[in-house]
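*Asks:* Sequence:
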Amino acid sequence: MDKGKKLGNSNVVGKPDKIYMDLREIIQEHAIRYLPAKSLCRFKAVCRGWKLQISSPFFEHSQSFAFRSLSGFFCQSSDGSISFIPLDPMAYGIPDPNLKFLPEPVDLLASSHGLLCCRGRTNEKAYYICNPVNQRWKKLPNPEANHGQNTSVVLVFEPSLLDFLADYKLICAFPSTDFDCAYEFEIYSSLENSWKISSEIYFGEKGRILKGGGFHLNGFVYWLVNNHVIGFDLKKNRVKVIPCYGMYGTRTLGSVDRKLCVSHRKGCELSIYVLSNEYANTMHMGSESKTWELKKFMLYSNADTGNNAANDCEVNLLSVRSDVIVYPKGKNFLSYDLRTKETTNVSTKEEFNRNSVYVPYVNSLVWL
4 MDKGKKLGNS
14 NVVGKPDKIY
24 MDLREIIQEH
34 AIRYLPAKSL
44 CRFKAVCRGW
54 KLQISSPFFE
64 HSQSFAFRSL
74 SGFFCQSSDG
84 SISFIPLDPM
94 AYGIPDPNLK
104 FLPEPVDLLA
114 SSHGLLCCRG
124 RTNEKAYYIC
134 NPVNQRWKKL
144 PNPEANHGQN
154 TSVVLVFEPS
164 LLDFLADYKL
174 ICAFPSTDFD
184 CAYEFEIYSS
194 LENSWKISSE
204 IYFGEKGRIL
214 KGGGFHLNGF
224 VYWLVNNHVI
234 GFDLKKNRVK
244 VIPCYGMYGT
254 RTLGSVDRKL
264 CVSHRKGCEL
274 SIYVLSNEYA
284 NTMHMGSESK
294 TWELKKFMLY
304 SNADTGNNAA
314 NDCEVNLLSV
324 RSDVIVYPKG
334 KNFLSYDLRT
344 KETTNVSTKE
354 EFNRNSVYVP
364 YVNSLVWL
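Residue numbers (the working numbering): 4 to 371.
Since the hints were derived computationally from the structure, they do not count as laboratory data.
These numbers come from a predicted model, not from an experiment.
Quick reminder that beta carbons are idealized off the backbone N, C-alpha and C, glycines included.
The reader is advised that the hints may include incorrect statements.
Each pair of labels, with its calculated beta carbon distance range [as the list claims (entries may be wrong)]:
no.: 1; residue 1: Lys352; residue 2: Asp260; range: 28 to 36 Å
no.: 2; residue 1: Lys243; residue 2: Lys298; range: 19 to 27 Å
no.: 3; residue 1: Arg51; residue 2: Lys239; range: 46 to 54 Å
Calculated lysine-lysine pairs in the DSBU-like style (CA-CA distance at most 35 Å, straight line) [said to hold, decoys possible]:
no.: 4; residue 1: Lys54; residue 2: Lys103
no.: 5; residue 1: Lys352; residue 2: Lys269
no.: 6; residue 1: Lys239; residue 2: Lys142
Based on the sequences and whatever the hints tell you, model everything.
*Replies:* What follows is the structure, given as C-alpha coordinates:
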(Lines of atoms letter the chains of each structure in order from A; the text may use other names.)
(Lines give C-alpha, C1' and ligand atoms only; values in the text may rest on other atoms or scores of the structure.)
Protein backbone atom coordinates (compact mmCIF):
# COMPACT_ATOMS: atom_id res chain seq x y z
CA MET A 4 0.00 0.00 0.00
CA ASP A 5 1.35 3.49 -0.88
CA LYS A 6 2.18 5.54 2.17
CA GLY A 7 0.96 8.74 0.62
CA LYS A 8 -2.42 7.34 -0.42
CA LYS A 9 -5.38 8.13 1.80
CA LEU A 10 -7.83 5.40 2.66
CA GLY A 11 -11.41 5.82 1.69
CA ASN A 12 -13.73 5.91 4.69
CA SER A 13 -16.84 4.42 3.12
CA ASN A 14 -16.08 0.77 3.88
CA VAL A 15 -14.23 1.39 7.13
CA VAL A 16 -17.14 3.27 8.70
CA GLY A 17 -19.92 1.28 7.12
CA LYS A 18 -18.93 -2.16 8.35
CA PRO A 19 -18.84 -1.41 12.10
CA ASP A 20 -22.23 0.34 11.84
CA LYS A 21 -23.70 -2.65 10.05
CA ILE A 22 -22.25 -5.07 12.59
CA TYR A 23 -23.62 -2.97 15.45
CA MET A 24 -27.10 -2.82 13.94
CA ASP A 25 -27.13 -6.55 13.21
CA LEU A 26 -26.08 -7.38 16.77
CA ARG A 27 -28.79 -5.12 18.19
CA GLU A 28 -31.41 -6.82 16.06
CA ILE A 29 -30.15 -10.25 17.11
CA ILE A 30 -30.43 -9.31 20.78
CA GLN A 31 -33.87 -7.79 20.34
CA GLU A 32 -35.34 -10.55 18.22
CA HIS A 33 -33.68 -13.68 19.59
CA ALA A 34 -32.00 -13.11 22.96
CA ILE A 35 -34.14 -11.05 25.32
CA ARG A 36 -36.97 -13.58 25.36
CA TYR A 37 -34.72 -15.80 27.49
CA LEU A 38 -34.66 -13.18 30.26
CA PRO A 39 -36.92 -13.13 33.36
CA ALA A 40 -39.92 -10.84 33.64
CA LYS A 41 -38.33 -8.31 36.02
CA SER A 42 -35.37 -7.71 33.71
CA LEU A 43 -37.71 -7.30 30.74
CA CYS A 44 -39.78 -4.70 32.59
CA ARG A 45 -36.60 -2.66 33.05
CA PHE A 46 -35.65 -3.07 29.39
CA LYS A 47 -38.88 -1.38 28.33
CA ALA A 48 -37.08 1.88 29.13
CA VAL A 49 -34.33 1.23 26.53
CA CYS A 50 -36.37 2.65 23.67
CA ARG A 51 -39.89 2.81 22.30
CA GLY A 52 -39.27 -0.14 19.99
CA TRP A 53 -38.23 -2.42 22.84
CA LYS A 54 -41.20 -1.32 24.92
CA LEU A 55 -43.64 -2.12 22.13
CA GLN A 56 -42.02 -5.48 21.47
CA ILE A 57 -41.86 -6.61 25.12
CA SER A 58 -45.48 -5.52 25.64
CA SER A 59 -46.80 -7.45 22.64
CA PRO A 60 -48.82 -10.65 23.23
CA PHE A 61 -46.59 -12.58 20.81
CA PHE A 62 -43.43 -11.71 22.78
CA GLU A 63 -45.09 -12.56 26.10
CA HIS A 64 -46.03 -15.93 24.67
CA SER A 65 -42.52 -16.49 23.31
CA GLN A 66 -40.88 -15.55 26.64
CA SER A 67 -43.11 -17.91 28.61
CA PHE A 68 -41.88 -20.73 26.38
CA ALA A 69 -38.19 -19.75 26.41
CA PHE A 70 -37.61 -18.82 30.07
CA ARG A 71 -38.09 -21.68 32.54
CA SER A 72 -35.43 -21.14 35.22
CA LEU A 73 -36.34 -21.29 38.89
CA SER A 74 -36.57 -17.66 40.02
CA GLY A 75 -37.48 -17.87 43.68
CA PHE A 76 -40.16 -18.91 46.15
CA PHE A 77 -43.47 -17.59 47.32
CA CYS A 78 -43.55 -17.89 51.09
CA GLN A 79 -46.62 -18.01 53.31
CA SER A 80 -46.07 -17.75 57.04
CA SER A 81 -48.28 -19.28 59.71
CA ASP A 82 -50.21 -16.00 60.10
CA GLY A 83 -51.24 -16.13 56.42
CA SER A 84 -48.98 -13.33 55.14
CA ILE A 85 -47.38 -13.91 51.73
CA SER A 86 -44.01 -12.72 50.43
CA PHE A 87 -41.61 -13.50 47.58
CA ILE A 88 -38.00 -14.66 47.99
CA PRO A 89 -36.01 -14.15 44.75
CA LEU A 90 -32.91 -16.24 44.12
CA ASP A 91 -31.39 -13.11 42.57
CA PRO A 92 -33.07 -9.82 43.60
CA MET A 93 -31.56 -7.97 40.62
CA ALA A 94 -33.01 -10.39 38.08
CA TYR A 95 -36.26 -11.67 39.59
CA GLY A 96 -39.14 -9.85 41.22
CA ILE A 97 -42.90 -9.43 41.60
CA PRO A 98 -44.76 -6.06 41.62
CA ASP A 99 -47.18 -7.22 44.35
CA PRO A 100 -45.58 -10.11 46.27
CA ASN A 101 -48.45 -10.08 48.80
CA LEU A 102 -50.97 -11.03 46.06
CA LYS A 103 -53.30 -8.23 47.13
CA PHE A 104 -54.66 -8.08 43.57
CA LEU A 105 -56.66 -11.27 44.23
CA PRO A 106 -60.25 -10.71 45.43
CA GLU A 107 -59.73 -12.42 48.81
CA PRO A 108 -56.99 -13.73 51.13
CA VAL A 109 -55.61 -17.02 49.84
CA ASP A 110 -53.45 -20.00 50.74
CA LEU A 111 -50.56 -20.93 48.45
CA LEU A 112 -50.88 -24.38 46.89
CA ALA A 113 -48.73 -24.93 43.80
CA SER A 114 -47.09 -23.36 40.76
CA SER A 115 -46.01 -24.29 37.25
CA HIS A 116 -43.95 -22.29 34.73
CA GLY A 117 -45.11 -18.86 35.88
CA LEU A 118 -48.66 -19.73 36.96
CA LEU A 119 -49.57 -19.84 40.64
CA CYS A 120 -52.44 -21.80 42.20
CA CYS A 121 -54.08 -20.49 45.37
CA ARG A 122 -57.17 -21.34 47.38
CA GLY A 123 -59.46 -18.81 49.00
CA ARG A 124 -59.60 -18.71 52.79
CA THR A 125 -63.35 -18.01 52.93
CA ASN A 126 -66.02 -20.70 53.29
CA GLU A 127 -66.27 -21.19 49.53
CA LYS A 128 -62.61 -22.37 49.33
CA ALA A 129 -62.43 -21.29 45.69
CA TYR A 130 -59.40 -22.13 43.55
CA TYR A 131 -57.54 -19.30 41.78
CA ILE A 132 -54.96 -19.45 38.99
CA CYS A 133 -52.89 -16.30 38.51
CA ASN A 134 -49.69 -14.82 37.16
CA PRO A 135 -48.29 -12.46 39.82
CA VAL A 136 -46.15 -10.63 37.23
CA ASN A 137 -49.02 -9.20 35.16
CA GLN A 138 -51.61 -9.72 37.94
CA ARG A 139 -53.95 -11.63 35.65
CA TRP A 140 -56.08 -14.17 37.50
CA LYS A 141 -58.98 -16.56 37.05
CA LYS A 142 -61.39 -18.03 39.57
CA LEU A 143 -62.10 -21.67 38.75
CA PRO A 144 -65.62 -23.11 38.87
CA ASN A 145 -66.46 -25.15 41.93
CA PRO A 146 -65.31 -28.79 41.73
CA GLU A 147 -67.85 -31.60 41.74
CA ALA A 148 -66.40 -33.34 44.79
CA ASN A 149 -65.76 -32.02 48.27
CA HIS A 150 -61.97 -31.82 48.46
CA GLY A 151 -61.86 -31.10 52.18
CA GLN A 152 -58.79 -29.75 53.97
CA ASN A 153 -56.33 -32.57 53.20
CA THR A 154 -56.32 -32.27 49.43
CA SER A 155 -52.98 -32.30 47.62
CA VAL A 156 -52.88 -30.11 44.52
CA VAL A 157 -50.54 -30.15 41.51
CA LEU A 158 -50.70 -27.48 38.80
CA VAL A 159 -49.58 -28.67 35.37
CA PHE A 160 -48.70 -26.10 32.70
CA GLU A 161 -46.35 -26.89 29.81
CA PRO A 162 -45.81 -23.80 27.60
CA SER A 163 -46.14 -24.49 23.89
CA LEU A 164 -45.26 -22.33 20.88
CA LEU A 165 -48.46 -23.51 19.18
CA ASP A 166 -50.87 -22.56 21.99
CA PHE A 167 -51.23 -18.83 22.61
CA LEU A 168 -53.69 -19.35 25.44
CA ALA A 169 -52.30 -21.01 28.55
CA ASP A 170 -53.44 -24.64 28.53
CA TYR A 171 -53.16 -25.94 32.08
CA LYS A 172 -54.61 -28.59 34.36
CA LEU A 173 -55.14 -28.74 38.10
CA ILE A 174 -54.97 -32.22 39.60
CA CYS A 175 -56.40 -32.67 43.10
CA ALA A 176 -55.91 -35.82 45.16
CA PHE A 177 -58.43 -35.83 48.00
CA PRO A 178 -59.53 -38.35 50.67
CA SER A 179 -62.40 -40.53 49.50
CA THR A 180 -65.67 -40.19 51.40
CA ASP A 181 -66.78 -43.65 50.25
CA PHE A 182 -63.73 -45.73 51.15
CA ASP A 183 -61.36 -45.71 54.10
CA CYS A 184 -57.66 -45.13 53.45
CA ALA A 185 -58.37 -44.24 49.83
CA TYR A 186 -57.76 -41.22 47.61
CA GLU A 187 -59.71 -40.03 44.60
CA PHE A 188 -58.64 -37.65 41.85
CA GLU A 189 -60.40 -34.72 40.23
CA ILE A 190 -58.91 -32.81 37.30
CA TYR A 191 -59.69 -29.30 36.09
CA SER A 192 -58.98 -28.51 32.42
CA SER A 193 -58.59 -24.89 31.31
CA LEU A 194 -59.56 -25.80 27.73
CA GLU A 195 -62.90 -27.18 28.86
CA ASN A 196 -63.22 -24.90 31.90
CA SER A 197 -64.65 -27.80 33.87
CA TRP A 198 -63.80 -30.48 36.43
CA LYS A 199 -63.88 -34.23 35.93
CA ILE A 200 -63.63 -36.92 38.60
CA SER A 201 -61.36 -39.78 37.58
CA SER A 202 -62.63 -43.34 37.88
CA GLU A 203 -59.29 -44.29 39.45
CA ILE A 204 -59.07 -44.72 43.23
CA TYR A 205 -55.84 -45.22 45.12
CA PHE A 206 -56.23 -47.69 47.97
CA GLY A 207 -53.18 -47.10 50.07
CA GLU A 208 -51.87 -47.28 53.57
CA LYS A 209 -53.15 -45.26 56.48
CA GLY A 210 -50.55 -42.59 55.81
CA ARG A 211 -52.14 -39.86 53.73
CA ILE A 212 -50.57 -38.33 50.66
CA LEU A 213 -48.03 -35.84 51.87
CA LYS A 214 -49.38 -32.31 51.73
CA GLY A 215 -47.52 -30.19 49.23
CA GLY A 216 -45.56 -33.20 47.97
CA GLY A 217 -46.99 -33.41 44.45
CA PHE A 218 -44.69 -33.13 41.43
CA HIS A 219 -45.31 -33.20 37.67
CA LEU A 220 -42.90 -34.78 35.21
CA ASN A 221 -43.24 -36.29 31.72
CA GLY A 222 -47.03 -36.58 31.74
CA PHE A 223 -47.31 -38.01 35.26
CA VAL A 224 -48.17 -36.42 38.59
CA TYR A 225 -46.36 -38.00 41.52
CA TRP A 226 -46.95 -38.06 45.27
CA LEU A 227 -45.02 -39.58 48.16
CA VAL A 228 -46.96 -42.02 50.33
CA ASN A 229 -44.94 -43.64 53.11
CA ASN A 230 -42.74 -46.25 51.36
CA HIS A 231 -44.14 -45.67 47.89
CA VAL A 232 -44.38 -43.11 45.14
CA ILE A 233 -47.71 -43.10 43.35
CA GLY A 234 -47.95 -41.75 39.83
CA PHE A 235 -51.10 -40.57 38.08
CA ASP A 236 -51.00 -40.84 34.28
CA LEU A 237 -52.67 -37.71 32.88
CA LYS A 238 -53.39 -39.30 29.49
CA LYS A 239 -54.62 -42.72 30.58
CA ASN A 240 -56.09 -41.67 33.94
CA ARG A 241 -54.35 -44.57 35.63
CA VAL A 242 -52.43 -44.90 38.89
CA LYS A 243 -49.11 -46.71 39.21
CA VAL A 244 -47.18 -47.49 42.39
CA ILE A 245 -43.38 -47.36 42.62
CA PRO A 246 -41.77 -48.80 45.79
CA CYS A 247 -39.13 -46.69 47.52
CA TYR A 248 -38.09 -48.79 50.49
CA GLY A 249 -35.00 -47.83 52.46
CA MET A 250 -35.56 -44.10 52.09
CA TYR A 251 -35.99 -42.59 55.52
CA GLY A 252 -36.52 -39.15 56.99
CA THR A 253 -38.00 -36.09 55.35
CA ARG A 254 -38.05 -36.58 51.57
CA THR A 255 -38.65 -34.32 48.60
CA LEU A 256 -39.79 -35.18 45.08
CA GLY A 257 -37.96 -33.58 42.17
CA SER A 258 -36.19 -34.22 38.89
CA VAL A 259 -32.59 -34.67 37.78
CA ASP A 260 -31.82 -34.94 34.05
CA ARG A 261 -35.56 -35.21 33.36
CA LYS A 262 -35.81 -38.25 35.62
CA LEU A 263 -37.91 -38.52 38.77
CA CYS A 264 -35.93 -38.43 41.99
CA VAL A 265 -36.55 -38.65 45.73
CA SER A 266 -34.11 -36.57 47.76
CA HIS A 267 -33.22 -36.61 51.42
CA ARG A 268 -30.91 -34.34 53.33
CA LYS A 269 -29.30 -35.11 56.65
CA GLY A 270 -27.11 -32.26 57.76
CA CYS A 271 -24.48 -31.63 55.09
CA GLU A 272 -25.14 -34.95 53.29
CA LEU A 273 -27.54 -34.97 50.37
CA SER A 274 -28.88 -38.28 49.05
CA ILE A 275 -30.66 -38.29 45.70
CA TYR A 276 -32.44 -41.47 44.57
CA VAL A 277 -32.96 -41.24 40.80
CA LEU A 278 -35.58 -43.50 39.21
CA SER A 279 -33.70 -45.78 36.82
CA ASN A 280 -36.07 -48.73 36.28
CA GLU A 281 -39.52 -48.70 37.82
CA TYR A 282 -40.06 -52.30 36.71
CA ALA A 283 -36.96 -53.65 38.46
CA ASN A 284 -39.07 -55.47 41.06
CA THR A 285 -40.59 -57.60 38.27
CA MET A 286 -37.19 -58.76 36.94
CA HIS A 287 -35.80 -62.26 37.53
CA MET A 288 -33.98 -63.06 40.77
CA GLY A 289 -30.45 -62.70 39.36
CA SER A 290 -31.06 -59.33 37.75
CA GLU A 291 -28.82 -56.48 38.87
CA SER A 292 -31.35 -53.89 37.77
CA LYS A 293 -32.37 -51.46 40.51
CA THR A 294 -35.43 -49.28 40.77
CA TRP A 295 -33.51 -46.32 42.18
CA GLU A 296 -29.93 -45.20 41.63
CA LEU A 297 -28.37 -43.47 44.64
CA LYS A 298 -26.22 -40.36 44.23
CA LYS A 299 -24.60 -38.63 47.21
CA PHE A 300 -23.35 -35.07 47.57
CA MET A 301 -21.76 -33.00 50.34
CA LEU A 302 -23.50 -29.64 50.53
CA TYR A 303 -20.89 -28.18 52.88
CA SER A 304 -18.18 -29.36 55.26
CA ASN A 305 -19.00 -30.35 58.83
CA ALA A 306 -16.67 -27.63 60.09
CA ASP A 307 -18.79 -25.08 58.25
CA THR A 308 -22.09 -25.87 59.97
CA GLY A 309 -22.05 -23.11 62.57
CA ASN A 310 -24.59 -22.56 65.30
CA ASN A 311 -27.41 -21.68 62.92
CA ALA A 312 -27.47 -25.14 61.34
CA ALA A 313 -27.55 -27.15 64.54
CA ASN A 314 -31.20 -28.11 64.16
CA ASP A 315 -31.66 -28.32 60.39
CA CYS A 316 -30.66 -31.97 59.88
CA GLU A 317 -34.12 -33.17 58.83
CA VAL A 318 -35.45 -30.03 57.13
CA ASN A 319 -37.14 -30.38 53.72
CA LEU A 320 -35.27 -29.44 50.58
CA LEU A 321 -37.18 -26.51 49.10
CA SER A 322 -36.60 -27.47 45.48
CA VAL A 323 -34.92 -30.25 43.50
CA ARG A 324 -35.18 -29.30 39.84
CA SER A 325 -32.81 -29.68 36.91
CA ASP A 326 -29.31 -29.17 38.29
CA VAL A 327 -30.02 -26.86 41.22
CA ILE A 328 -30.94 -27.74 44.80
CA VAL A 329 -32.35 -25.05 47.09
CA TYR A 330 -32.29 -25.75 50.81
CA PRO A 331 -32.32 -23.98 54.19
CA LYS A 332 -29.32 -23.86 56.48
CA GLY A 333 -30.25 -22.46 59.84
CA LYS A 334 -32.28 -19.35 58.98
CA ASN A 335 -30.59 -18.84 55.61
CA PHE A 336 -31.40 -20.06 52.10
CA LEU A 337 -28.72 -21.61 49.89
CA SER A 338 -28.61 -23.05 46.37
CA TYR A 339 -26.33 -25.88 45.31
CA ASP A 340 -25.34 -26.60 41.70
CA LEU A 341 -25.11 -30.36 41.13
CA ARG A 342 -22.75 -29.94 38.16
CA THR A 343 -20.28 -27.35 39.46
CA LYS A 344 -20.62 -28.39 43.14
CA GLU A 345 -20.84 -24.69 44.02
CA THR A 346 -23.00 -23.29 46.82
CA THR A 347 -24.54 -19.81 46.60
CA ASN A 348 -26.11 -17.86 49.43
CA VAL A 349 -29.55 -16.47 48.55
CA SER A 350 -29.51 -12.80 49.49
CA THR A 351 -32.79 -12.04 51.26
CA LYS A 352 -34.11 -10.44 54.42
CA GLU A 353 -36.49 -13.37 54.87
CA GLU A 354 -35.53 -16.02 57.42
CA PHE A 355 -36.37 -19.68 56.99
CA ASN A 356 -39.23 -20.93 59.14
CA ARG A 357 -40.22 -24.59 59.39
CA ASN A 358 -43.88 -23.64 59.76
CA SER A 359 -44.01 -21.61 56.54
CA VAL A 360 -45.09 -22.86 53.11
CA TYR A 361 -42.65 -22.41 50.21
CA VAL A 362 -43.78 -22.66 46.58
CA PRO A 363 -41.15 -22.53 43.77
CA TYR A 364 -41.85 -19.94 41.08
CA VAL A 365 -40.67 -19.03 37.55
CA ASN A 366 -40.62 -15.31 36.62
CA SER A 367 -42.68 -15.57 33.42
CA LEU A 368 -44.89 -13.27 31.33
CA VAL A 369 -47.39 -16.04 30.55
CA TRP A 370 -50.81 -14.59 29.73
CA LEU A 371 -54.01 -16.04 31.18
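*Asks:* Could you run down the list of hints and mark each one as holding or not?
*Replies:* Okay, the hints, checked on the actual structure:
1. Lys352 with Asp260: 28 to 36 Å: For Asp260 against Lys352, whose Cβ atoms are near 34 Å apart, the range 28 to 36 Å holds.
2. Lys243 with Lys298: 19 to 27 Å: Cβ of Lys243 to Cβ of Lys298: about 23 Å, so the range 19 to 27 Å holds.
3. Arg51 with Lys239: 46 to 54 Å: About 50 Å separates the Cβ atoms of Arg51 and Lys239, which means 46 to 54 Å holds.
4. Lys54 with Lys103: 26 Å, holds
5. Lys352 with Lys269: 25 Å, holds
6. Lys239 with Lys142: Holds. Lys239 to Lys142 sits at ~27 Å (cutoff 35 Å).
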